[in-house]
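Please take these sequences and the hints and turn them into a complete structure.
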Amino acid sequence: MIHIQTLVTKRIIIFVLILSSMSCSNGKEQNSLFKDTYMEILTGSIVDFRYMKPPTFEESQKGIKIQFPIKRPDTLSPLKLYVQKDHINIDFSEFENRLPEDFKFNSDSMSEIVDYLPYDVNTYSNKEYELISFKDLDKTFEKQKNQFDSGGILQFSKVLFNREKNKAILFFRDTRNELNSTESLILFKKINGKWVIFKSIGISLS
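Okay, so the sequence shown: first residue is 984 according to our numbering, each after it adds one.
Read the hints as simulated data drawn from the structure, not as lab findings.
Note that the coordinates shown come from a computational prediction; the quantities given were computed from them, not determined experimentally.
It cannot be assumed that every hint is accurate.
For lysine to aspartate or glutamate, the following EDC-like pairs were computed, each having C-alpha atoms within a straight-line distance of at most 16 Å [to be verified]: (1) Lys1063 - Glu1111; (2) Lys1173 - Glu1147; (3) Lys1063 - Glu1125; (4) Lys1018 - Asp1098; (5) Lys1148 - Glu1113; (6) Lys1054 - Asp1031; (7) Lys1087 - Asp1074; (8) Lys1177 - Glu1147; (9) Lys1063 - Glu1095; (10) Lys1110 - Asp1057; (11) Lys1068 - Asp1121; (12) Lys1128 - Asp1157; (13) Lys1141 - Asp1098; (14) Lys1150 - Glu1084; (15) Lys1063 - Asp1132; (16) Lys1172 - Glu1147; (17) Lys1122 - Asp1074; (18) Lys1118 - Asp1069; (19) Lys1126 - Glu1161; (20) Lys1182 - Asp1069; (21) Lys1087 - Glu1161; (22) Lys1063 - Glu1166; (23) Lys1068 - Asp1103; (24) Lys1182 - Glu1023.
This is the structure we're talking about:
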């Protein structure tokens, strides 16, 4: 009897260790993906119009045009980006026909959906962007509506990993106001141990 109990106990311990190991692995991938890609998502999607001034009439007469890329003044305060704390629910199977063949792994029983945003997203602010997490969308619309330094409202889905954990898909929504919003799928690949944005697919524009 004692022998059977010991055997059962050992199996339970092994099972718990396996689950713990899988959880740690998922957490590591989540943190790695976010840290490797969130700045590229922001700089590729968010436009800070505060310092993108068109040329004056006199400058236009002289043939002076806006020069790209425009250097951001160091004296400018960080652009406020409101980030929804809760991930939005997305059914990735709805976008199956838009995905490249090697990213159609939604139906694979070994694919996994985990959080993209870290719980402490605010701590990833920097001199260019101030990330502010929120829960109530309506209140946040009102808050940022008249703010000169607001860059809009960002919403992310959870991220879908393939079984090998070297490809991933994310749904992203960037909203300036109720009538100005873009939605896209962002496809990631892991190359030489680092996550990179492989492709961005536009879903809607309003």
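Now the hints, each set against the structure:
Between Lys1063 and Glu1111 the alpha-carbon distance is near 9 Å, which keeps this suggested pair within the 16 Å criterion. Of the supplied pair hints, the one linking Lys1173 and Glu1147 holds, its CA atoms being roughly 10 Å apart against a limit of 16 Å. Taken as a hint, the Lys1063 and Glu1125 pair is honoured in the structure, with Cα atoms around 14 Å apart against an allowance of 16 Å. Taking the CA atoms of Lys1018 and Asp1098, the gap is about 13 Å. The hint holds against a cut of 16 Å.
Restraint check for Lys1148 and Glu1113: not satisfied, since their Cα atoms lie roughly 30 Å apart, outside the 16 Å limit. For the proposed pair Lys1054 and Asp1031, the alpha carbon gap of about 11 Å is at most 16 Å, so the pair holds. Of the pairs offered as hints, the one joining Lys1087 and Asp1074 holds, with about 13 Å between alpha carbons and a cut-off of 16 Å not exceeded. For the hint linking Lys1177 to Glu1147, the alpha-carbon distance of about 14 Å falls within 16 Å, and the restraint holds.
Of the pairs offered as hints, the one joining Lys1063 and Glu1095 is violated, with about 32 Å between alpha carbons and a cut-off of 16 Å exceeded. With a C-alpha separation of about 8 Å, the suggested pairing of Lys1110 with Asp1057 holds against the 16 Å cut-off. Distance restraint check for Lys1068 and Asp1121: the Cα-Cα separation of roughly 14 Å lies within the 16 Å cut-off, and the hinted pair is therefore satisfied. Distance hint between Lys1128 and Asp1157 is fulfilled; the C-alpha atoms sit about 14 Å from each other, no more than 16 Å.
Annotation: proposed proximity of Lys1141 to Asp1098 holds, straight-line Cα distance about 5 Å (limit 16 Å). Distance check on the hinted pair: Lys1150 and Glu1084 sit about 12 Å apart at the alpha-carbon level, within 16 Å; holds. Using a Cα cut-off of 16 Å, the hinted pair Lys1063 and Asp1132 holds, with the two alpha carbons roughly 6 Å apart. Of the pairs offered as hints, the one joining Lys1172 and Glu1147 holds, with about 11 Å between alpha carbons and a cut-off of 16 Å not exceeded.
A threshold of 16 Å between alpha carbons decides the hint, and for Lys1122 with Asp1074 the separation of about 26 Å lies outside it, so the pair is violated. With a CA separation close to 7 Å, the supplied pair Lys1118 and Asp1069 stays within the 16 Å bound. A hinted pair counts as satisfied when its Cα atoms are at most 16 Å apart, and Lys1126 with Glu1161 qualifies at roughly 13 Å. The straight-line distance between the Cα atoms of Lys1182 and Asp1069 is roughly 24 Å, outside the 16 Å bound, and the hint therefore fails.
For the proposed pair Lys1087 and Glu1161, the alpha carbon gap of about 32 Å is over 16 Å, so the pair is violated. Proximity of Lys1063 to Glu1166 is assessed by CA-CA distance (about 19 Å); at most 16 Å being required, the pair is judged violated. Pair hint Lys1068 plus Asp1103 holds up; C-alpha atoms about 9 Å apart against a cutoff of 16 Å. Of the pairs offered as hints, the one joining Lys1182 and Glu1023 holds, with about 12 Å between alpha carbons and a cut-off of 16 Å not exceeded.
Violation of the numbered hints given earlier is confined to hints 5, 9, 17, 20, 21 and 22; the remaining hints are satisfied by the structure.
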